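This is what each chain is made of:
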Amino acid sequence: MTGKTPGRIRYFACITLALLISGLLIISYSPTANPSKLGLNAEVLSDGWTIKNEDGILHEDTNLQSAAIPPADTGDTYILSRILPDKEYINAALRIRCVHSAVKVFLDDEEIYSYGVEAYEKGSILPMCNLYVALPEGYEGRLITISFTAGQIDAFSGFSDILLGTISDLQLFYMNSVTIPFFLGVFLTILAIIYMGMYYYLRHLRSTDMRLPMGAIVSLDLGVFVLAANNIFNLLSSNDLLNTLMEYTSLYLIPTCLTGYLGAISKGYKKTAFLANLMTLINLIILLSTIPLHFLGIRLYTTFAFIVHLLCFLEAFPVMICCLWIIHNSGKLRSHDDPDYRSTIFALSGFAIFTFSAWAEIISYNFLKYFSEAGDSRVNFNIMVFGSFLFVICIFLSYYVYTLYVIQSEDRQKLLRGLAYYDPLTHLSNRAKTQEEILRLGNSRQSYVIISIDMDNLKYVNDTYGHNEGDKLIQYFASMLQSSFRASDLVARIGGDEFLVIMYDDNVDLASSRMRGLQKTLQKNPSVIPGVTCGFSFGICSESEFPGRTAEDVYRLADERMYAMKKRRHIERAKASGENNFFDTPAPQKEGFK
Amino acid sequence: MKRIKSLPIFAFLGILLLTLIISSILFSYKPVNHMENIVDFKLSVNDRDGGYYHTDRSKTDTASIFSVGDYLYISADMPAGYYKSPYLLINARYCGFTVSLDREEIFENKMQKALKAEFIPYRAVFVPLPSRDLEGHRLTITMLLTEDDVEFPIDYVLYGDYIDILKSFIQSKISILFGASFLCIFGVVFLLIALIFAARNYGFAAHIVSAAICLSFGLWLLEYQLLICLFYQQPFFDNLAYTLVFTLIPLCLVLLGLITGTLKRRRFVFAILFVIFYDLILVIGRYEGMTPQTVTTGVAALYIISSIFMLVIEARFVLSKRRTESIYVQLFGLASLNISLIITSIYYSGRLMSAKTISTSLDVALVVGASFFVVSRMLAYVFSLTDSVSAHQQEQTLSKLAYMDSLTGLPNRTTCDRVFMELDDSDLDYMIMSLDLNGLKVLNDSLGHAVGDRLIKDFADALNICFPDPAFRSRIGGDEFVVVMSEFPGESYLASRIDRLKKLLDEKSKDTGFDYSAAYGCCFRHELKNASSHDVYMKADERMYINKRMTHAVGY
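First to last, the protein sequences are chains A and B. With the numbering used here as the guide, the letters of the first sequence map in order to residues 7 to 600. With the numbering used here as the guide, the letters of the second sequence map in order to residues 44 to 599.
Don't read these hints as lab results, they were simulated from the structure. Any given hint might turn out to be false.
Stated by the list, open to error - Here's a subset of chain B near chain A, in silico, CB distances under 7 Å, partners left out:
1) Tyr-205
2) Asn-481
3) Lys-484
This one's a predicted model, so the numbers in the text were calculated from it and none came from an experiment. Note that beta-carbon positions come from the ideal geometry of N, C-alpha and C, so glycine has one too.
With the hints as constraints, model all of the structure from the sequences given.
The following block contains the structure:
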């Protein structure tokens with residue numbers, strides 16, 4: 007790990023860069039409502055319209071945005087007319103937004119364009135799309151008349167701006183205004199497809215979490231909805247109806263997907279999962295029932311939007327309660343550092359953002375459609391676009407949190423491994439490490455020498471001076487023992503007063519000379535406890551004495567030799583009948599067990 | 044490493060293929076009116092040096108090389124057909140041009156720039172024509188070249204109704220449009236997220252670099268495939284392709300270094316520095332008047348050579364033993380990106396040799412390569428997710444090792460210290476009992492450690508029976524044990540438990556003939572005022588020694 011200052015520099019560098027990029031993105035996204043501001047050959051025809059229906063003139067010389075009309079039902083016809091401006095455009099065209107209606111355009115009573123009249127007469131679904139009506143040369147100053155005939159109940163309740171200009175510039179203006187939804191919609195859709203492709207692979211790795219596929223389905227549905235709501239599919243297909251059908255289908259699927267996703271993340275919370283699955287089922291039934299109703303000719307497929315909106319609006323309450331319930335309970339059960347908890351929080355906050363944006367969208371749409379002057383023509387789906395985008399990003403973030411957790415836990419594991427294999431008192435290796443090493447040696451062809459060591463006097467010190475003094479003695483002995491061997495040798499404390507050394511070469515003489523050297527050193531130096539010398543017995547055994555035997559056997563023999571030495575020293579001590587019972591004499595002769 | 048079975052990869056390819064099939068069924072566009080690709084041009088050239096020549100050959104046969112300042116004129120008779128919104132789609136590079144109909148100029152594109160001999164990129168231009176019957180009228184396109192050593196600057200001229208031309212233009216590039224848009228947003232989103240995380244954590248460098256690669260590759264594809272003009276026509280994007288094309292290879296090299304962990308090797312640093320140096324030479328050369336063809340060839344050569352170099356490194360690394368599945372997947376993604384870069388470069392230089400029409404299958408190959416890269420990056424994240432589950436389990440066993448005594452399974456000294464600290468934080472009354480095995484030392488010394496270990500295990504079992512949970516039992520040293528109780532009915536209960544332990548140990552001693560007896564001492568918190576748990580323990584320890592001496596005195 008680097009020091010504090012580089013860390014801070016990196017922190018500021020990263021944050022500044024992130025802010026810079028987001029700033030650039032915000033600057034580059036500046037929506038314009040007027041094509042002429044972009045330097046395009048086009049203009050908005052907003053003023054000077056006369057609006058008529060069968061009952062007579064409704065408005066005269068009015069602005070389209072302030073023209074209040076009630077929601078149009080099947081067969082209602084509205085006729086818009088005005089004089090075209092004098093400005094001449096090359097390849098001039100009108101852009102008219104058609105919402106579930108049959109459209110006819112007249113120039114001085116001469117019909118120049120009609121759209122959807124056949125479909126209207128058949129009673130089938132009329133699409134929502136942008137119509138480009140090419141104007142013949144010499145249109146300037148002539149009277150344009152546009153008639154809209156609604157093809158279904160509640161088809162429209164206002165008129166979008168009608169644009170006049172060079173057809174390519176009108177198209178460019180449209181592309182400009184849908185750039186952000188286009189990019190985000192494509193992102194969500196392709197992300198979903200990639201997720202789905204990956205799911206099989208991930209399941210193969212024993213990951214059976216339903217979050218991933220459900221998240222992918224949500225992302226796909228939202229992506230398709232964003233694209234369709236901005237008429238992108240019209241650019242790709244000859245069939246105008248395709249875009250409309252995709253828009254409605256994806257819209258109807260939104261509540262189902264959301265409750266399904268909630269069901270997936272609330273695994274482990276029985277009540278919430280039950281509620282979420284119940285709502286999913288209800289939504290699915292409602293969705294499926296629209297299809298027979300359409301084909302039986304009772305109600306057109308595109309007229310259920312209000313019901314779905316209502317459903318979304320109502321379900322948002324239990325969904326919110328479920329979210330809060332999960333947050334509340336998982337907060338109780340787990341610590342806040344738990345990655346699972348944090349990833350749930352991320353997923354749920356994304357969920358909440360989306361639900362709120364969808365709410366705002368639904369409310370504003372229905373308010374505009376049924377109550378305001380401008381009607382549904384004013385609706386733009388950007389709140390929902392950003393809501394969907396943030397939602398999917400949150401799904402991502404929850405994965406990032408996991409990544410982060412793994413990176414951090416690598417450090418923690420190193421620490422734990424240290425704890426697991428080291429004796430906290432002496433910082434030598436411990437019994438577990440020794441066992442592992444002996445097992446490893448049994449399988450390898452390495453040659454080695456095992457020394458088993460047993461301290462004298464520990465029991466006596468513990469009993470007379472207390473455990474603290476005993477610990478000191480152990481620590482002192484451990485440090486002396488450690489310093490007698492190379493760093494590559496394994497020096498371990500395997501019990502209270504038992505030590506073990508594994509030397510990784512076949513040199514019994516070197517081992518015994520080291521041990522005797524240690525005995526001398528300990529004897530010469532004053533001990534940590536006055537009057538108590540730190541003595542020990544040891545036994546040495548090398549692997550070459552037992553070719554083909556396990557390391558366990560080698561260790562056992564070393565242990566036996568250690569006990570033999572211990573006995574011998576007891577006898578010597580008894581013979582010496584010293585004034586000091588606890589003064590050790592060094593072992594006089596070389597180990598002779600061969 | 045687990046072997047990657049091929050089935051999941053086929054499943055992924057299956058989903059990809061399914062998506063392609065479904066979308067190609069859903070999104071098909073048939074032009075309403077007939078569109079005419081105008082090819083039979085008569086070409087005349089007005090050389091900068093004053094030479095003028097005239098040719099009747101159609102432009103596809105032209106193999107001439109033109110230079111800056113040359114005027115090229117092509118003319119053709121408009122074909123039959125009446126359109127409501129007649130347009131021409133002209134794909135032109137390195138030239139400004141005007142379009143005239145019967146010698147009357149009706150459209151002008153970047154002539155001012157061309158007169159100043161500034162750089163003009165490859166663009167698709169929609170040219171509006173007057174909406175009347177144009178059959179038999181003379182169409183003339185005048186081009187002014189801005190670069191040396193270039194071939195015929197216009198790829199094709201398509202004549203038809205505007206909506207038809209637009210939709211079929213989009214249709215021909217639908218895979219690139221979707222793939223590249225996705226790469227851009229993916230790059231931006233991941234760049235931001237990775238930057239925010241990298242501010243406080245380590246190990247995010249590879250994520251940042253790969254996000255930058257996605258962004259740069261996506262933007263470059265959009266630009267090079269002429270798609271950016273669908274959204275923006277600002278001159279800001281004019282030099283984009285030339286800027287981005289130089290960044291890709293150094294970024295890829297850095298990513299490779301980060302994945303394989305060889306970034307700091309001297310050879311690797313030299314390779315990256317060399318590529319940057321090479322790029323710089325090309326950039327400076329471009330400003331100093333190097334022809335675009337030379338630069339393009341140079342870049343294509345760099346792409347091909349370094350991609351092959353990277354593929355070799357990737358293959359060597361995959362075959363070596365240092366790989367994990369995560370590295371394997373990341374390398375796989377990078378390799379597929381490299382392959383698609385090689386394809387692009389060959390395609391790029393192929394275009395230079397003969398102006399081919401854009402081939403859709405190559406586009407698809409390019410997008411598939413890029414999408415494999417994206418998938419590998421996303422898998423690298425998700426890998427960490429699945430790894431975290433197993434890491435969690437491993438951590439649990441490790442913590443068990445760290446806090447447990449491996450012989451008896453009782454908590455060890457570390458845990459005991461922690462419990463003592465927790466006791467200090469609470470207000471509850473508690474009792475600490477210190478126990479010491481009397482016979483261990485003798486047994487160890489006389490019969491060996493194996494027998495001693497048996498004694499310790501048996502004693503621990505007896506402790507577990509007599510002081511069940513919630514009492515805390517721990518082995519803190521060779522023959523030292525500690526019992527902590529914070530909730531118990533009373534001292535009589537404690538006495539009964541100790542009796543039980545004594546009885547159990549006596550039975551064991553009789554059965555085996557070894558000395559199972561233990562000395563013990565207890566101390567309650569309320570006995571000492573303002574005492575820490577350590578003090579209470581020391582007191583218990585002291586009492587244990589008194590107890591030990593008494594029993595020994597009795598024993599002898």
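- Hint check, failures only: Of the numbered hints, just 2 does not hold.
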